[in-house]
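Take the sequences, apply the hints, and build the full model.
Position one of the sequence shown corresponds to residue 191 (the numbering used here), numbered consecutively onward.
Warning: the hint list may mix true and false statements.
Claimed, not checked - With a cut-off of at most 25 Å between alpha-carbon atoms, the simulated DMTMM-like pairs for lysine to aspartate or glutamate come out as follows:
no. : residue 1 : residue 2
1   : K293      : D233
2   : K290      : D196
3   : K293      : E213
4   : K294      : E240
5   : K290      : D243
Stated by the list, open to error - Simulated restraints, written as ranges between beta carbons of each label pair:
no. : residue 1 : residue 2 : range
6   : V307      : F230      : 28 to 34 Å
7   : Q257      : E318      : 18 to 24 Å
8   : L317      : S272      : 37 to 43 Å
9   : D243      : L317      : 18 to 24 Å
10  : K290      : N219      : 15 to 21 Å
11  : V274      : G211      : 17 to 23 Å
12  : E222      : G321      : 36 to 42 Å
13  : S320      : A269      : 43 to 49 Å
14  : Q271      : K294      : 32 to 38 Å
Keep in mind the hints are simulated off the structure, nothing from the lab. All C-beta atoms in this analysis are idealised placements derived from N, C-alpha and C, irrespective of residue type, glycine included.
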Amino acid sequence: MVVDDDRLMRFLLTEILNDAGFETRTASNCKEALMLFDEFEPDLVFCDWELPDAAGVDFVRHIRYVQQDRRPFIMMVSAHQSSVAVELALHAGANDFLSKPVKKEELLARTAEAQRVQYLEQQLRDLEISGHLTVSRGYYSLYAS
191 MVVDDDRLMR
201 FLLTEILNDA
211 GFETRTASNC
221 KEALMLFDEF
231 EPDLVFCDWE
241 LPDAAGVDFV
251 RHIRYVQQDR
261 RPFIMMVSAH
271 QSSVAVELAL
281 HAGANDFLSK
291 PVKKEELLAR
301 TAEAQRVQYL
311 EQQLRDLEIS
321 GHLTVSRGYY
331 SLYAS
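And the structure:
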């Protein structure tokens, strides 16, 4: 899912991702993104820092703390390249930060890494469900049986 108020940026990201074989949906603001998130349940979200109706980090916080049952990989996309912006995005719950202007090769490399992380997290969930793994989320501990 691509969330950006800039139509050209939405188009660019969508074209790159579609050409790489991804199915994408787009939203131009936080309200649309939340509705689309509920309907589409994306595995990967690219979210702009500044949206017309809310800050991108607020959207990220909502996904992480209100909709805790779903864990998409969230990549913040922003022209803000300061370490403070990166820190705020990561503390809000973003998994990664991509600076504008977006480079196709970097986007695809980070997307491949996001897929790898999602796959590994799914493997852990499957082990947890099967009873072969206990996860203590409060302390980030794993216990295998």
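Hints and how they fare:
no., hint, in the structure
1, K293 <-> D233, "21 Å, holds"
2, K290 <-> D196, "12 Å, holds"
3, K293 <-> E213, "20 Å, holds"
4, K294 <-> E240, "21 Å, holds"
5, K290 <-> D243, "21 Å, holds"
6, V307 <-> F230: 28 to 34 Å, "20 Å, violated"
7, Q257 <-> E318: 18 to 24 Å, "19 Å, holds"
8, L317 <-> S272: 37 to 43 Å, "39 Å, holds"
9, D243 <-> L317: 18 to 24 Å, "40 Å, violated"
10, K290 <-> N219: 15 to 21 Å, "18 Å, holds"
11, V274 <-> G211: 17 to 23 Å, "35 Å, violated"
12, E222 <-> G321: 36 to 42 Å, "40 Å, holds"
13, S320 <-> A269: 43 to 49 Å, "44 Å, holds"
14, Q271 <-> K294: 32 to 38 Å, "18 Å, violated"
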